[in-house]
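> Read top to bottom, the protein sequences are chains R, Z, D, S, B and P. Taking the numbering used here, the leading residue of the first sequence gets 1, the next gets one more, and so forth. Taking the numbering used here, the leading residue of the second sequence gets 1001, the next gets one more, and so forth. Taking the numbering used here, the leading residue of the third sequence gets 2001, the next gets one more, and so forth. Taking the numbering used here, the leading residue of the fourth sequence gets 3001, the next gets one more, and so forth. Taking the numbering used here, the leading residue of the fifth sequence gets 4001, the next gets one more, and so forth. Taking the numbering used here, the leading residue of the sixth sequence gets 5001, the next gets one more, and so forth.
No lab work stands behind these hints: they were computed from the structure. The C-beta atom is built at its ideal place from N, Cα and C for all residues, glycine as well. You may find that some hints are simply not true.
Stated by the list, open to error - Some chain P residues judged to face chain D by a derived CB distance under 8 Å, without partners named: (1) S5019; (2) E5115; (3) V5151.
6 protein chains.
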Amino acid sequence: MDMASEVLQPEGDDMARTSWNMRRIIAMYQETFTVIEKCLKPVVVAVQGDCVGGVDLITACDIRLCTQDAWFQVKEVDIGLAADIGTLQRLPKVIGSRSLVNELALTVRKMYADEAKESGLVRYGYKPRISGQGGDDGWSSGDGRGDSSPVAVQGTKVNLIYSRDHSVAEGLNYMATWNMSMLQTEDVMKSAVASVEKKSPKTITFSRL
Amino acid sequence: MDMASEVLQPEGDDMARTSWNMRRIIAMYQETFTVIEKCLKPVVVAVQGDCVGGVDLITACDIRLCTQDAWFQVKEVDIGLAADIGTLQRLPKVIGSRSLVNELALTVRKMYADEAKESGLVRYGYKPRISGQGGDDGWSSGDGRGDSSPVAVQGTKVNLIYSRDHSVAEGLNYMATWNMSMLQTEDVMKSAVASVEKKSPKTITFSRL
Amino acid sequence: MDMASEVLQPEGDDMARTSWNMRRIIAMYQETFTVIEKCLKPVVVAVQGDCVGGVDLITACDIRLCTQDAWFQVKEVDIGLAADIGTLQRLPKVIGSRSLVNELALTVRKMYADEAKESGLVRYGYKPRISGQGGDDGWSSGDGRGDSSPVAVQGTKVNLIYSRDHSVAEGLNYMATWNMSMLQTEDVMKSAVASVEKKSPKTITFSRL
Amino acid sequence: MDMASEVLQPEGDDMARTSWNMRRIIAMYQETFTVIEKCLKPVVVAVQGDCVGGVDLITACDIRLCTQDAWFQVKEVDIGLAADIGTLQRLPKVIGSRSLVNELALTVRKMYADEAKESGLVRYGYKPRISGQGGDDGWSSGDGRGDSSPVAVQGTKVNLIYSRDHSVAEGLNYMATWNMSMLQTEDVMKSAVASVEKKSPKTITFSRL
Amino acid sequence: MDMASEVLQPEGDDMARTSWNMRRIIAMYQETFTVIEKCLKPVVVAVQGDCVGGVDLITACDIRLCTQDAWFQVKEVDIGLAADIGTLQRLPKVIGSRSLVNELALTVRKMYADEAKESGLVRYGYKPRISGQGGDDGWSSGDGRGDSSPVAVQGTKVNLIYSRDHSVAEGLNYMATWNMSMLQTEDVMKSAVASVEKKSPKTITFSRL
Amino acid sequence: MDMASEVLQPEGDDMARTSWNMRRIIAMYQETFTVIEKCLKPVVVAVQGDCVGGVDLITACDIRLCTQDAWFQVKEVDIGLAADIGTLQRLPKVIGSRSLVNELALTVRKMYADEAKESGLVRYGYKPRISGQGGDDGWSSGDGRGDSSPVAVQGTKVNLIYSRDHSVAEGLNYMATWNMSMLQTEDVMKSAVASVEKKSPKTITFSRL
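Let the sequences and hints guide you as you build the complete structure.
Written out as structure tokens, the structure is:
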């Protein structure tokens, strides 16, 4: 249920009403990051320096990069609260080790770029190579790809997020229902031709400096 | 719902009917990999050289090996479509980093053996040691174990797959209901005796060359 | 359903009744580890030497440490049964690589401290530094934090476990409903003040020797 | 996922893009009825005469009334499509007999007031008694109650909808987390006093003429 | 998981192996009724006289009719077993009262046509009117409709079954993804025209004699 | 998660801590009714006169009876709170019409025996016939059956409750795994023989006076 848009709320100011209002506000903040998942273009985020209070944001993105001097901290416990706008929900689904997730969230330990890369939170711990492809430097690219079919890229994002929250069987069923129409795009033919014609794909390659 | 075996489909050739048929065909292809999960013997897959279009297949297997020259690519976006026969559904549940999954699926980047091993996609990046145990070289072993109790091995596989798609509480409930009869096998006594008698277990050890 | 506390069971001794009783006993054993998740204090476990038959226990804990000589083994298949008190359910949600999980459970291979650390099962492969903070050496600390707000720490644990078993949307909804009252604690103010006053947080730092 | 608010969509006009746009439009229409569930006040709907194309709307409401001459029809199959803005999703959860739901949706049969009442779709098949309570005639009452605690009424609605879509155990867990703060309202004391003082509750009584 | 088609099973004849084989056989029997749900044409079933052991079958159908002398019984408990090929799973989702479902399954009480109709198990307790429409008497009609669009009828069935097993939000999401292509059928135009031209729809009307 | 048995709770008395304690207490009350579902014997409940505050209790039972003078009321809204120990979670799964459930919970309307019977809440609106079978009058019978196989009756109850909270496919899978051992009971043979030998089954027949 989309709590952020609940139409009414009880008037008054006792503790229950304060809680009610609090819940609505939390939901609104949560929504500010969830829209990133709803954006059909893949979203690449790059972290420079400290990322404190930003883990909510970056875990809602699709691909995470960082500079060598980046570090990450889930600091909410230190200020007396449980993180409530996405970190506890998304971080365990982004990185592999739940032991690490628990430690970060419970002990407020800082994690630096190297460990962040090893843990799978970010894929390349450093600044991406400035590629000459299309005058694009990789950081500003919205979809991670210069010239891919939007039908393919966006369908991939929608189904990756769907799979995250469902069983494999459910994900396969949804995928088949999705592609039954999406395969009927002229992009398939165009992409196939383009794929044959050019030797190297125009993939943005996030490599180390 | 097992779409592949839907009994009827609407005749005709407008776009809706084409979609309907497309969905049935996708489901049939999906099923060709899902049967690997249904095979009660653990399935070990080994990759040599390129694995393009094969990620669907290998993620449906139980254990993945590869040679040093192996590389992996999820190429569907490049030909204008979202991967629909298992990669987007199973890959995120096989490897730990969703950042990496997203990058592979959205940017068509190649991943080589070393990174594949680090990411957890394959467990040993190289050719397994040819073991002398039982004249078996590890590659051809269907269940990953020479002489284990099939009741134990197969029950383990069934419940590992069940756990993947359910909460911990659900998984525990199912496990208890499974083992309430499966523990009543004479294999437990036989295995216990064998376990005591032999010094080293006949486990296939997938080690580096 | 809490099988361990099923009120009655059918009398008699045929195979069905034996199964029934077996299921009740398995559920009781499962519960002995599940209570660790119900403990609102974070639970840190440290492994020294072999951890055979203990993977059920440690995967129910929040943070796992080990000494350099530790090794881990899921040995159930070797004695003719599928592990039924938590390993098959929790291990795949603790470490990132399902390939590794499958291999450990199906081939009974030993995993040593270094690989355990790389896999994400334990976070620091070695003995933690004896910190001078509060005369506490890190091993005995129940909540991983010296002086954090219990409202914050415990709420974090409850929601991390809830997220593990639900979709992101479900987790966010539950989190907002949780925090609508939990934010109304005086700990937030106290923690904020404390956070400003002291230079270095009293976080237990699990570092290598 | 809130499809109605997907931020972008692929440009162009082939079949896949038409489908994409179609999906967004369907989701927008669906949302126009889902907001009724998000309205924290209970919504009472009253049907007079034919309700064709309106079953989507009324099944999203909390309480359904109708006049003696009302009739209901799910007519989508007759115009070549499957109902896609709520009827197939909500009707089976509103009335008890799935046999009836299937028949209505598949055969386009009309259902008149008497059968609608028997089936549980509407609770009172006739015009409600014009009550003298507060000059309110029952039809216009937004929350079905004259002077109930909004904390109680709205919490009841939120949890009834939550229960519809979850298991009993899940619903109980959510309810406890909800009420842990909502019970701390002064409405409980006020309501208790009012409940003792007045002989007959001011409940709107929907009775037959 | 499609247990009926599990590829292998352990050889031998102890109790665990007997259980394993038993499970496979039960799954095969279950599948014989589940195919009815997979049949894209709506399936109408009519019961004459006793329906003992047939409740599994009829609850897998879409619409249930019966003659005046029909009666229904869930007799498994009387022969020492829990019904395992569909009754306990589908009956509670077909009729409204769980109290009745429990009583039928636990006490083996017979239910006659009148109560079956009231309970919602069958929609018309009697023989349907022999309609003159197309020389069809209603009993033999496979899809309950003479000339409806198959795209509409079959899409309706698929989504009704999907909704049964999912939350409303999940059902709406799937429906939108389904119809994004299915609305692009020429049947919509044809049906609309036909709907305007003919005065009375050719709906099969199941009325009492 | 079994909140009632959470091992620790934060000390102190601010609003957050009061909420925390409140949640634990609610969960304990919820558990007092949930144990009825865990009791493997079917539980029959009979209501005489008013059932106010007892709807939580009776909806956790398996079969509900009542005398002619019984009436039911969900009165929580009238005292300023949302019902939190089972009514909002179980009532919608017991009776067919969600319109009625909503009305009862939101308007505090009384429901009398006749309507309760029609709605499916109770199966027989009146006092059950005092049967001469075994000197048992039907009210005191714990399992609703004089001499049924406990393996059959209890397995039926466990699976009926499982089905309530799962999809049909999930329910079928669990059922097959349950019965793979439970069919191996000597009760099947005994019951079959008994079933043939006696003319009329010893079923308790709840009939009207």
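> For each hint, tell me whether it holds in the structure or not.
Evaluated hints:
no.	hint	in the structure
1	S5019	4 Å, holds
2	E5115	32 Å, violated
3	V5151	5 Å, holds
Hint compliance for this structure: hint 2 alone is broken.
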